[in-house]
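Visitor: The lines below spell out each chain.
Number of protein chains: 2
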Amino acid sequence: MMKLFDLAGAETDRRFSPYCWRIRLALAHKGLDVETVAWRFNEKDALMASGQGKVPVLVHGDKWIYDSWKIAQYLEDTFPDLPTLFGGPEGMALSRLHSNMGDVIAGQISRFVLLDVYEHLDDKDKSYFRESREQRFGMSLEQVVAERESRLQDFRDGLIALRMTLKTQPFFGGDRPLYGDFALFGPFQWARCISPFQLLTADDPIAHWRMRLLKSFNGLAGSAPGYDA
Amino acid sequence: MMKLFDLAGAETDRRFSPYCWRIRLALAHKGLDVETVAWRFNEKDALMASGQGKVPVLVHGDKWIYDSWKIAQYLEDTFPDLPTLFGGPEGMALSRLHSNMGDVIAGQISRFVLLDVYEHLDDKDKSYFRESREQRFGMSLEQVVAERESRLQDFRDGLIALRMTLKTQPFFGGDRPLYGDFALFGPFQWARCISPFQLLTADDPIAHWRMRLLKSFNGLAGSAPGYDA
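Same order as they appear, the protein sequences are chains A and G. Using the numbering used here, you'd call the opening residue of the first sequence number 1 and step up by one each time. Using the numbering used here, you'd call the opening residue of the second sequence number 1 and step up by one each time.
Worth flagging that the hints you see were computed from the coordinates, not collected in a lab. Incorrect hints may have been included.
Any copy will do: because identical chains look the same in the list, a pair fits if it lies in one copy or spans two.
To be verified - List time: in silico BS3-like cross-link candidates among lysine-lysine, alpha-carbon distance up to 30 angstroms:
id	residue 1	residue 2
1	3	124
2	30	167
3	167	126
4	124	54
5	63	3
6	44	167
7	126	30
Small disclaimer: the values here were computed from a predicted structure and weren't measured.
Take these sequences, add in the hints, and give me the full structure.
Guide: Right, dumping it as structure tokens:
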């Protein structure tokens with residue numbers, strides 16, 4: 001069975017990395033079983049065989065693959081007869097935009113939930129996380145999320161192209177989700193797993209899409225420890 | 001031969017609709033000849049058979065198709081053996097995000113070039129355009145584009161997901177352009193055709209992609225009357 005190093009908080013079953021969630025759903029989409037290994041920031045040595053220190057890392061036989069986009073490509077190339085994540089080479093190329101938008105949205109969401117992440121971390125991870133993120137943002141975690149309510153409308157307005165798309169089709173992949181969906185969903189699942197802060201209004205088509213994905217694969221994402229349905 | 005109603009300015013060969021350009025490139029991609037008909041805002045009667053009053057409108061035999069997305073789908077469905085615009089049903093669904101992002105970008109670009117559009121219009125179109133756009137924006141055309149230099153950095157920053165994608169592949173469709181490229185390019189070609197205002201820095205990967213598309217199809221877009229290469 002494949003093994004996935006999966007970021008965990010103080011509680012072993014609080015798995016919250018937006019990038020790991022992309023792969024959890026991609027594996028479920030392909031119908032592949034996986035053993036997830038709870039991993040924490042201070043365990044970089046455990047990933048050494050991948051040649052770098054970040055998750056997700058997928059271990060398949062003697063292969064160690066890292067980076068959510070590369071892992072998704074690997075799964076598609078290695079299991080071409082299982083349900084497709086991309087719909088062919090053109091769909092794979094087109095999905096790169098979805099993945100990059102997901103990365104951008106994760107960056108935006110961090111301005112709302114970064115302190116909540118911190119509070120859920122294992123004690124051994126807290127000082128690393130605070131120092132590395134405060135260096136990245138050039139301010140304290142508390143300052144990063146300060147006055148977040150006042151920035152919420154801008155965040156929601158910035159999602160308009162996603163909203164327009166989901167008004168005319170249930171998933172970015174069409175009638176069923178593809179990797180483009182998982183790439184965009186990861187950041188929302190991340191927020192859900194570590195913060196009660198409500199990013200979307202209940203009547204937003206993006207919220208409805210999020211709910212459909214929470215329920216997909218027998219509720220894989222929706223049954224994970226988190227703050228709402 | 002098919003016929004495309006194509007928005008023109010005072011000069012018959014100044015064709016500048018972002019949505020018509022999507023279809024011009026889609027037709028070239030399929031290798032389909034088309035007769036373009038210069039159309040102006042005050043000629044809504046000419047489109048009556050399409051059931052509405054906006055371009056692009058494609059006439060194929062007795063079929064009148066409007067809306068750039070619907071026309072692209074029609075071309076793909078009607079000419080499945082010609083070079084694909086989407087790469088299959090998954091690629092078509094995924095491209096919807098590119099199309100909607102293109103629409104959003106067109107709206108953003110209007111804040112920079114709307115007055116330049118006005119100045120290139122046929123005299124008969126000017127009052128319609130000024131009234132309809134001033135109603136839409138709730139301010140004068142002059143106010144819409146006021147202090148545009150100060151808004152330029154925000155516009156460029158907002159294109160980050162496009163930029164990230166074009167750093168790793170030459171086109172959104174991969175090694176060659178697909179409809180997703182044409183949908184995103186249309187707004188930039190619109191700006192080029194009617195305004196000298198420089199939206200992108202010369203070293204932006206988006207500017208390089210734009211240049212590649214200007215040169216595609218024997219320079220179809222790049223040789224059209226406009227303000228730079």
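Visitor: Determine for every hint whether it applies to the structure shown.
Guide: Now the hints, each set against the structure:
| no. | hint | result |
| --- | --- | --- |
| 1 | 3 - 124 | within (23 angstroms within a copy, 68 angstroms between copies) |
| 2 | 30 - 167 | both (27 angstroms within a copy, 29 angstroms between copies) |
| 3 | 167 - 126 | neither (40 angstroms within a copy, 34 angstroms between copies) |
| 4 | 124 - 54 | within (16 angstroms within a copy, 61 angstroms between copies) |
| 5 | 63 - 3 | within (11 angstroms within a copy, 55 angstroms between copies) |
| 6 | 44 - 167 | between (42 angstroms within a copy, 28 angstroms between copies) |
| 7 | 126 - 30 | neither (35 angstroms within a copy, 56 angstroms between copies) |
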